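J.: In order, the protein sequence lines correspond to chains A and B. Positions in the first sequence are counted from 1; adding 4 to them yields the numbering used here. Positions in the second sequence are counted from 1; adding 220 to them yields the numbering used here.
Everything labelled a hint here was simulated from the structure, so no lab data went into it. Computed from a predicted model, the values in this text were never measured in an experiment. Backbone N, C-alpha and C fix where the C-beta goes; we use that ideal spot for every residue, glycine too. Keep in mind that a hint or two might mislead.
Capping the alpha-carbon separation at 30 Å, the derived lysine-lysine pairs in DSBU-like fashion look like this [to be verified]:
(1) Lys229/B - Lys113/A
(2) Lys277/B - Lys45/A
(3) Lys7/A - Lys277/B
(4) Lys60/A - Lys277/B
Derived coverage of chain B by chain A (criterion: at least 3 residues anywhere in the stretch with Cβ under 8 Å from a Cβ of chain A; other residues may be distant) [said to hold, decoys possible]:
(5) 257-265
(6) 295-301
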Amino acid sequence: ELKVEQNPLFLSMQEGKNYTIYCNYSTTSDRLYWYRQDPGKSLESLFVLLSNGAVKQEGRLMASLDTKARLSTLHITAAVHDLSATYFCAGGDTSGTYKYIFGTGTRLKVLA
Amino acid sequence: DSGVTQTPKHLITATGQRVTLRCSPRSGDLSVYWYQQSLDQGLQFLIQYYNGEERAKGNILERFSAQQFPDLHSELNLSSLELGDSALYFCASSVAGWGLAGSHDNEQFFGPGTRLTVL
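The shape of chain A in the complex, shown without the other chains:
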């Protein structure tokens, strides 16, 4: 069964700095999702990555996928306070009955 691991679990960073959140997965996943969740709120879809080498960018966030390394990254450029949230990656487990598997989440806090 697919396992999805994120690191770090917690990240406190200064405004204006860059950082990367890593998402490793254990077996083949047919796609990789990134979501954002604000405290007490629902999940917001950020990116869906479908193929090796896929790169998507939205504002200060850029996501990439390396299927050979079974790794996806979410890069934050010049962080601002509004990016403070929990970020989840999720994969699609195609072994057996299809299911979606989420990572544990990375709680990001951007300090002014």
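Since chain A is already given, all that's left is putting chain B on it; use the hints.
T.: What follows is chain B alone, placed relative to chain A:
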């Protein structure tokens, strides 16, 4: 606002009881997904329906069941409730689903959630 609606927003009930959570997908979406989020289990995929049929199944307990109706809204039924069932339950919808025509990226849009408290 994702366009996905869920009712009720909050639900407080007792152990052993049965509750029903309701979800209406975005207009035009045929797939509905149910997720459970709790502090100890994290985010867990429960089940997916596409156009009324079960399409994918995750870690859904036998005490839980779901269905999608002809108007595409979905209900998640939780019975014989236990304290550990207390969680946020999210519904999401997408145009299609894995392996289905039009599924391309299968982006999912989440509803606001139902917070279930079992006392």
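J.: Would the hint linking lysine 60/A and lysine 277/B be met if the CA-CA limit is 30 Å?
T.: Since the Cα atoms of lysine 60/A and lysine 277/B sit roughly 29 Å apart, the hinted pair holds (cutoff 30 Å).
J.: Are there at least three residues in the stretch 295-301 of chain B whose beta carbon sits under 8 Å from a beta carbon of chain A?
T.: n = 0 at 8 Å, threshold three: violated.
J.: Three residues or more, CB to CB closer than 8 Å: is that satisfied between the stretch 257-265 of chain B and chain A?
T.: It holds: at least three residues are needed, and the stretch 257-265 of chain B offers 4 whose Cβ sits within less than 8 Å of chain A.
J.: Against the 30 Å threshold, does the CA-CA distance of lysine 229/B and lysine 113/A hold or violate the hint?
T.: Given that 30 Å is the threshold and the Cα spacing comes to 27 Å, the pair holds.
J.: Assess, step by step, whether the Cα of lysine 277/B is no farther than 30 Å from the Cα of lysine 45/A, and give holds or violated.
T.: holds (25 Å)
J.: Sort out whether lysine 277/B lies within 30 Å of lysine 7/A, counting only the CA atoms.
T.: Since the Cα atoms of lysine 7/A and lysine 277/B sit roughly 16 Å apart, the hinted pair holds (cutoff 30 Å).
Comparing the model with each earlier hint shows a violation of hint 6 alone; every other hint is respected.
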